[in-house]
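Enquirer: The listed protein sequences correspond, in order, to chains A and B.
Going by the working numbering, the residue at position 364 of the first sequence is 370; the numbering climbs one at a time, nothing skipped.
Going by the working numbering, the residue at position 210 of the second sequence is 216; the numbering climbs one at a time, nothing skipped.
These are calculated hints, taken from the structure and not from any lab test.
Among these hints, one or two may not hold up.
Where chains are identical, the list cannot tell them apart; a pair therefore holds if satisfied intra-copy or between any two copies.
Claimed, not checked - In silico DSSO-like links for lysine-lysine, alpha-carbon gap of 30 Å or less:
| hint | residue 1 | residue 2 |
| --- | --- | --- |
| 1 | K415 | K256 |
| 2 | K390 | K354 |
| 3 | K110 | K390 |
| 4 | K361 | K256 |
| 5 | K93 | K104 |
| 6 | K326 | K361 |
| 7 | K93 | K484 |
| 8 | K63 | K93 |
| 9 | K139 | K439 |
| 10 | K439 | K389 |
| 11 | K261 | K331 |
| 12 | K110 | K256 |
| 13 | K63 | K439 |
| 14 | K104 | K458 |
Computed from a predicted model, the values in this text were never measured in an experiment.
Single-letter residue listing:
Number of protein chains: 2
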Amino acid sequence: MAKELTSREENYSQWYNDLVVKAGLADSSAVRGCMVIKPYGYAIWEKMRDQLDRMFKETGHQNAYFPLFIPKSFFSREASHVEGFAKECAVVTHYRLKNDPSGKGVVVDEEARLEEELVVRPTSETIIWNTYKNWIQSYRDLPILVNQWANVVRWEMRTRLFLRTTEFLWQEGHTAHATAEEAMEETIKMIGVYETFARNFMALPVIRGAKTANERFAGAVETLSIEAMMQDGKALQSGTSHFLGQNFAKAFDVKFATREGGLDYVWASSWGVSTRLMGALIMAHSDDNGLVLPPKLAPVHAVIVPIYQKLEQLPLIAEKTAPLKKQLEAAGLTVTFDDRDTLKPGFKFAEHEMKGIPVRVAVGPRDLDNNTVEIARRDTLEKKVYPFDQAGEVILKLMDEIQQNIYNKALKFREEHTFITDSYQTMQELLDKGGFVMAHWDGTTETEERIKEETKATIRCIPMDAAEEPGRCILTGKPSARRVIFARAY
Amino acid sequence: MAKELTSREENYSQWYNDLVVKAGLADSSAVRGCMVIKPYGYAIWEKMRDQLDRMFKETGHQNAYFPLFIPKSFFSREASHVEGFAKECAVVTHYRLKNDPSGKGVVVDEEARLEEELVVRPTSETIIWNTYKNWIQSYRDLPILVNQWANVVRWEMRTRLFLRTTEFLWQEGHTAHATAEEAMEETIKMIGVYETFARNFMALPVIRGAKTANERFAGAVETLSIEAMMQDGKALQSGTSHFLGQNFAKAFDVKFATREGGLDYVWASSWGVSTRLMGALIMAHSDDNGLVLPPKLAPVHAVIVPIYQKLEQLPLIAEKTAPLKKQLEAAGLTVTFDDRDTLKPGFKFAEHEMKGIPVRVAVGPRDLDNNTVEIARRDTLEKKVYPFDQAGEVILKLMDEIQQNIYNKALKFREEHTFITDSYQTMQELLDKGGFVMAHWDGTTETEERIKEETKATIRCIPMDAAEEPGRCILTGKPSARRVIFARAY
Chain A
7 MAKELTSREE
17 NYSQWYNDLV
27 VKAGLADSSA
37 VRGCMVIKPY
47 GYAIWEKMRD
57 QLDRMFKETG
67 HQNAYFPLFI
77 PKSFFSREAS
87 HVEGFAKECA
97 VVTHYRLKND
107 PSGKGVVVDE
117 EARLEEELVV
127 RPTSETIIWN
137 TYKNWIQSYR
147 DLPILVNQWA
157 NVVRWEMRTR
167 LFLRTTEFLW
177 QEGHTAHATA
187 EEAMEETIKM
197 IGVYETFARN
207 FMALPVIRGA
217 KTANERFAGA
227 VETLSIEAMM
237 QDGKALQSGT
247 SHFLGQNFAK
257 AFDVKFATRE
267 GGLDYVWASS
277 WGVSTRLMGA
287 LIMAHSDDNG
297 LVLPPKLAPV
307 HAVIVPIYQK
317 LEQLPLIAEK
327 TAPLKKQLEA
337 AGLTVTFDDR
347 DTLKPGFKFA
357 EHEMKGIPVR
367 VAVGPRDLDN
377 NTVEIARRDT
387 LEKKVYPFDQ
397 AGEVILKLMD
407 EIQQNIYNKA
417 LKFREEHTFI
427 TDSYQTMQEL
437 LDKGGFVMAH
447 WDGTTETEER
457 IKEETKATIR
467 CIPMDAAEEP
477 GRCILTGKPS
487 ARRVIFARAY
Chain B
7 MAKELTSREE
17 NYSQWYNDLV
27 VKAGLADSSA
37 VRGCMVIKPY
47 GYAIWEKMRD
57 QLDRMFKETG
67 HQNAYFPLFI
77 PKSFFSREAS
87 HVEGFAKECA
97 VVTHYRLKND
107 PSGKGVVVDE
117 EARLEEELVV
127 RPTSETIIWN
137 TYKNWIQSYR
147 DLPILVNQWA
157 NVVRWEMRTR
167 LFLRTTEFLW
177 QEGHTAHATA
187 EEAMEETIKM
197 IGVYETFARN
207 FMALPVIRGA
217 KTANERFAGA
227 VETLSIEAMM
237 QDGKALQSGT
247 SHFLGQNFAK
257 AFDVKFATRE
267 GGLDYVWASS
277 WGVSTRLMGA
287 LIMAHSDDNG
297 LVLPPKLAPV
307 HAVIVPIYQK
317 LEQLPLIAEK
327 TAPLKKQLEA
337 AGLTVTFDDR
347 DTLKPGFKFA
357 EHEMKGIPVR
367 VAVGPRDLDN
377 NTVEIARRDT
387 LEKKVYPFDQ
397 AGEVILKLMD
407 EIQQNIYNKA
417 LKFREEHTFI
427 TDSYQTMQEL
437 LDKGGFVMAH
447 WDGTTETEER
457 IKEETKATIR
467 CIPMDAAEEP
477 GRCILTGKPS
487 ARRVIFARAY
């Protein structure tokens, strides 16, 4: 089974596609650019969603739900938003089909044309701020800290499972505040929540930073992002948090009576992560044998595989391992006993590796005699025999170890592929090999775009956690206050 | 605040609308027929969803996600399905907007017309069975027990918050089986899950039964439903479970290699409940003071209201009640301390009643002196003073009592408004007053439709749990094997 996967070396892109399909995570659908998220992929997404939801609630947010459809005219209200979002989108023009008069199938009923077309939401700032207008009168109604879990649609020309699909699942937080400071604080807080989630749950080291003006969300005053490095050295933007200033409040006329008795427009933030995180998770950790999952997001933590020549040995192994299964489950793990009797152990091993189950426990007749088990960890593929009585403790300890090891490996990889240079030629060579390049930039869109044209790399972010360091722009030699991160990106 | 609610007696329909808005559950939106589910309403829905999800998983189901869009031609594949669902729906015809050449706003780009129109899913049988075709080859791939939480769109002409909206949230289970018996068993099992959920969590007694041929889901061989009675005596269909036979397998050519070496079409079930359950929950239990929530679905179980003349008394009350709050939270309840200092206690009481918080605890200076609290229960509006040290125990016990009392009340109401008659004239009079009428029916669609025309009542279901009882049709006098339930319905 492992043989079926294209190796990363051979074709990284094909490896990814193979993996997503063969691990049973997702599939293309009959609808262009839309995916089917299969049960195993959805179970991982559920774990991510539930943890993020807990973190949002711990930071004072509530969930709500806003309409899927947005009147076309709403997009024109915020000048830069319309440029960014209203263009490549799914447009609902009719509300009825009728039997084809020629007798075959159904056709659009031209008499059921909508007066105003509806856009399937690509993001919900407009419909939400149009709603907030009714919710906000005074400073006492603020802040509003609302999040929505929803599906959104952006008509992408080139799609890839999880990474870029026409429809995807996401959450979008939309907050309203009385002051710019508070809205900015929220913007920073939430990129911090994303960073924490990526680090502690996805085992993914990410860099927090500000986007350049050119790469900002359409309608934002400031966009923060977290950027992760994939195993091909390319960057993957994994979450964004926007300070929207008063742009949407002005577009939808949302004013509030201030504490001081005045009237002011409301300040806003919005922030989101999507099923794209699944792509980041898969690409960052997995290997040529399949998926590698951090235990904190694994739907199944351990699988027990009975090895037997004669079918009558199976119940003996089941009986022997039942207390171990119970012990692990009591500790909060999900454990399966793989007793499918039409498959050979080798096939099962390959399948469990493909699916990234963190720990595999193999028990054969000799183990019964010796009171031992063989424990294999997915991240390093190491196998080791332990006395049976130690198995529970070993496996529980492995959960933490694997979680930490995957993170360390990804961090080490990123560090080894992050370069500092002041030479434009060196930068070009480094980018060809893959990785992040920390270089000086003069702060102009013009320079940014010329570098992009010549190197295919974009400025991923201006890191928040890096020290100031005066220097000269790698292209123009003009003064620069700090290094930014250049990389090719997904 | 309570005064603002139209009374049920005065105008039941207006009472419902007022309540949904004033309790902060939902609002109409700028998009025709689409609602905004506000944080408090969504918190209740989340509790329902999470509990149902647990019950689905306990019965062996997994979640997955299928595309929002369905190619128009898919609907024509199943003959009766197209009649039922492809007609009143949102149709995506274009994938791009462009700047209006006349300079104002954006218009549909006629060059970006889809080759085949896409329908926003009204239900997902077609796209899912088109997918299952790839998942199923042999009996070893069966059963497939998959559920999806999603939004769906049906272009309704007359909409009401939660009860009938153009877009709504729901879950749809779609299962595939090797035999008709197994699919039918699943269909029955899931209507049972819905019945259990309604009874134990919504405190809602429901009747399980089969729909008549006329009222079946478009494409189903058999439709089971749960029917609840609202306080105006009307029925509300609260969940359905369909045995689909091989209809969709045939429409999408899904065959499997049987254990015996043959080839057969796959058998199917589908089942769903939606945000309509919110409407049932609200309408079944609430009163003229506002929402009445069963504790098991209440986002907040108890609110502590400090009563004070001077602001310096507030910290004393806060300090006194903190251990009580902690005790209740440790027992799994959500408790708030309402220290908003710009509102009077009376206003707060009315608001908490409007929101249906099951228990209110009031503590004033005299209570501090006497070491007492006043505990009010929302369902009966009874107030009683208890020694402070008993408060925790009393409140925990009240959770069970209120849950049970709400159920008993709803059951009593239904029993008092369920009538057995063999006289058509009596039935008409009873239906005018409101309630369920158990009457004989000759089993024909013709009779069913004539009764509907003359009484505005439909056959809600042929109850599963009622005994056979031969008789004569209430309209035609033809023989009948058992009584069915007639009622006007939402």
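Enquirer: One pair to classify: K361 and K256, alpha carbons no more than 30 Å apart. Within, between, both, or neither?
Expert: Neither: 49 Å inside a copy, 32 Å across copies.
Enquirer: Could you figure out if K326 and K361 sit no more than 30 Å apart (CA to CA) within one copy, between two copies, both or neither?
Expert: Within one copy only: 25 Å inside a chain, 54 Å across chains, cut-off 30 Å.
Enquirer: Treating 30 Å as the Cα threshold, decide for K390 and K354: within, between, both or neither.
Expert: within (18 Å within a copy, 64 Å between copies)
Enquirer: Regarding K439 and K389, is the shortest C-alpha distance of 30 Å or less found within a copy, between copies, in both, or in neither?
Expert: neither (34 Å within a copy, 75 Å between copies)
Enquirer: Measure nothing new, just compare the shortest in-copy and cross-copy C-alpha distances for K104 and K458 to 30 Å and report within, between, both or neither.
Expert: between (50 Å within a copy, 26 Å between copies)
Enquirer: Up to 30 Å between alpha-carbons, please classify K93 paired with K484: within, between, both or neither.
Expert: Cα proximity of K93 and K484: none, with 36 Å in one copy and 63 Å across.
Enquirer: At most 30 Å between CA atoms: does that hold for K63 and K93 within a copy, between copies, both, or neither?
Expert: neither (34 Å within a copy, 41 Å between copies)
Enquirer: Is the C-alpha distance from K415 to K256 at most 30 Å within one copy, between copies, in both cases, or in neither?
Expert: neither (47 Å within a copy, 50 Å between copies)
Enquirer: What label fits K139 with K439 when the C-alpha limit is 30 Å: within, between, both, or neither?
Expert: Neither way: K139 and K439 sit 51 Å apart in one copy and 42 Å across, limit 30 Å.
Enquirer: Within a copy, between copies, both or neither: where do K93 and K104 come within 30 Å Cα-Cα?
Expert: For K93 and K104, the Cα distance is within 30 Å both inside one copy (29 Å) and across copies (6 Å).
Enquirer: Check K261 against K331 for me: Cα-Cα at most 30 Å, and say if that holds within a copy, between copies, both or neither.
Expert: Classified as neither: same-chain Cα gap 58 Å, cross-chain 37 Å, threshold 30 Å.
Enquirer: Using 30 Å as the alpha carbon limit, work out where K110 and K256 are close: within a copy, between copies, both or neither.
Expert: between (50 Å within a copy, 18 Å between copies)
Violation of the numbered hints given earlier is confined to hints 1, 3, 4, 7, 8, 9, 10, 11 and 13; the remaining hints are satisfied by the structure.
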